[in-house]
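Novice: Please build the complete structure, drawing on both the sequences and the hints.
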Amino acid sequence: MVEVILNGEILKTVSKAMVSLVSEARFHFKEEGLHSRAVDPANVAMVIVDVPSSSFQSYSVDGEFVAGVDVNRIFDISKSIKSDELVELTVVDETSLMIKFGSVRYSVSLIDPSAIRKEPRVPQIDLPAKIVMDAGEFRKAIMAADKISDHVVFRTNSEGFFIEAEGDVDRITFHLSEAELAEFNGMEARSMFSLEYLKEFVKVASPGDVLTIRLGNDYPGRMTFEVAGGKVKVEYILAPRIEAE
Amino acid sequence: MVEVILNGEILKTVSKAMVSLVSEARFHFKEEGLHSRAVDPANVAMVIVDVPSSSFQSYSVDGEFVAGVDVNRIFDISKSIKSDELVELTVVDETSLMIKFGSVRYSVSLIDPSAIRKEPRVPQIDLPAKIVMDAGEFRKAIMAADKISDHVVFRTNSEGFFIEAEGDVDRITFHLSEAELAEFNGMEARSMFSLEYLKEFVKVASPGDVLTIRLGNDYPGRMTFEVAGGKVKVEYILAPRIEAE
Amino acid sequence: MVEVILNGEILKTVSKAMVSLVSEARFHFKEEGLHSRAVDPANVAMVIVDVPSSSFQSYSVDGEFVAGVDVNRIFDISKSIKSDELVELTVVDETSLMIKFGSVRYSVSLIDPSAIRKEPRVPQIDLPAKIVMDAGEFRKAIMAADKISDHVVFRTNSEGFFIEAEGDVDRITFHLSEAELAEFNGMEARSMFSLEYLKEFVKVASPGDVLTIRLGNDYPGRMTFEVAGGKVKVEYILAPRIEAE
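Chains as they are written, first to last, in this note's numbering: chain X, -12 to 232; chain A, -12 to 232; chain G, -12 to 232.
Calculated from the structure, these hints are not laboratory results.
Just so it is clear, the structure is predicted and the values come from calculations on it, not from any experiment.
For glycine and all other residues, C-beta sits at the position ideal for the given N, C-alpha and C.
Some hints here could point you the wrong way.
[To be verified] In silico DSBU-like links for lysine-lysine, alpha-carbon gap of 30 Å or less: (1) X:K66 to G:K66; (2) G:K134 to A:K66; (3) X:K66 to X:K117; (4) X:K66 to A:K66; (5) G:K190 to G:K117; (6) A:K220 to X:K87.
[To be verified] Computed spacing ranges between beta-carbons, pair by pair: (7) A:D99 to X:D137: 54 to 62 Å; (8) X:E153 to G:G217: 35 to 43 Å; (9) X:P110 to A:D205: 27 to 35 Å.
Specialist: Listed below in structure tokens is the structure:
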């Protein structure tokens, strides 16, 4: 029913993205590619992963197939695959996924998709500010902020994009002017987010990856990472935290 | 009585091999080279290490000398020696071993050999199947299997050599056909082994090292690693586990 | 009041040196450069750090300014700075230190200097033996000794410089003859020191750094490290331990 070949890097990326929020997920093998999305148990964040069929070395799917996947397990297996190694995924019946690479063949039981938490509808939200930047820079800012606080403010104005965190005795400001951003539409926005989630999100990103952020005022933020050499799109939507004045 | 010079890599390898099963061992400095062997406290596995005198830079032993060695200690010291650094081992009297490298001189107390557990006789067992392969590949298979189970089946037939492990929800098969093996005599065999031991054994091996495996049916397995650039032979004999159907 | 630019490596080195003994310190920004010194809470060791103004990329200090610094915090921040990255330190009022590098701006609260433990007078002690050697070699000897004991003897005589440690069953001697030392004045000395301190001290040093040691008999030892490419001088004075015969 499903017989696809992909780079190890893609499987690593997809499983890392999903495992940041959930331990089980539905993998939709559609004609146009692989799609998966899920909301974390606390309903704070959503992840949406898309890998177009053109990102695969070979992609043969008979109609649409929905696989119920233990993403922890896949993530674990993917660690022993090299980034540039070819991996074959095969689903013959509905009960198991075969993962082949080198001399290794893993057979992983599939989960009944109906036993996995219902998938979220992707919200249609209007976010005025748009920032396009290097995902590696963003990752550095988040990791630094995480050392002094558990939350962070994202803020845009005519001077550019600011990430700010405040600890007991210190304060960090990460600032990129319009000139330092790949793209910025100049709109003002300000929302506070939890670093607990953000520090998980940035794990999918490497320096050089493109990140598009969309922000509103005390409103969810949307972070779209183009990763694995542009072959995988990982989108996170994160609920804001309320700023206590 | 003993005055030998060897590469750091050899001392590292010998101590790593012994420390995988025991904390004390007899090191026999014989005319033909260094020999040591031991059985683990649970009597499940045996290790036999041989370093021919030609693998040493210089080898001067007065008759045969048996040193009772704290292998944990030697293993620890060997970690601070570089692989390509020359090490001098000297035993002047029966009470201490001198280890010299660079500006460092360690003096380690020897243990009375008679206080160390009696050495095993090497069993004469007839094992029909013979496989010669890259030790690095074997190591990868064992490390992957260890993630999902605590035991593994080694199996040979006309299709080649199979290493198989089964977890609660997944199953891994590592398969090398005759063409992918350096040597295979085509004989059938099947035995189950404990990964707790195997994952220790593979630590001596690096990619490129030659591994010879001999197998029977529900019978001990014998794994001979030629390591440290072929200068050290490490042989493990491992009792099978009983397969409960 | 203070506006200086320096290499990340210098900030890393200074904070690493101070954090080895204290968590808070006074940083004196003087005309001739940055100076800081402190004694550990147990009064066993003193650290003295000097960075001449010529080691900075730019150095502008209005008179002398004394900043009360949380060195743990600075050390932590310095970890996210690259060694060859330029860092700007600014003190505008007396309450906060601004640390800028790349797109990041940290603001760290300063501590009232009078709330920090009084600074020690640097003792004038006469130490006969003088050894100049590679700090990396010294570091290796200390780390090896630390594995078997909690104290070490430094000893000099006509044969050179000896570092000796004794464990329960083993003994390590590190020996450098006069020919192997960069400089040695041939004077005899012998003192015992605590490895708990020494292993902290050697963390500032890299192979190639110059270390000058001055020793007496059962007397404090003085270790002067020239680190960060000679741009920072870190001096430790360590009280001896009493040898129980």
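Novice: With reference to the structure, classify each hint as holding or not holding.
Specialist: Now the hints, each set against the structure:
1. X:K66 to G:K66: 27 Å, holds
2. G:K134 to A:K66: With a Cα-Cα distance of about 11 Å, the restraint between G:K134 and A:K66 holds, given a limit of 30 Å.
3. X:K66 to X:K117: Violated. X:K66 to X:K117 sits at ~34 Å, over the 30 Å cutoff.
4. X:K66 to A:K66: 27 Å, holds
5. G:K190 to G:K117: Given that 30 Å is the threshold and the Cα spacing comes to 22 Å, the pair holds.
6. A:K220 to X:K87: Between A:K220 and X:K87 the Cα gap is close to 33 Å, so the pair fails against 30 Å, i.e. violated.
7. A:D99 to X:D137: 54 to 62 Å: 59 Å, holds
8. X:E153 to G:G217: 35 to 43 Å: Since X:E153 and G:G217 have Cβ atoms about 38 Å apart, the given range 35 to 43 Å holds.
9. X:P110 to A:D205: 27 to 35 Å: The hint (27 to 35 Å, Cβ to Cβ) is violated, given that X:P110 and A:D205 are roughly 60 Å apart.
Against the hints set out earlier in the document, violations occur for numbers 3, 6, 9.
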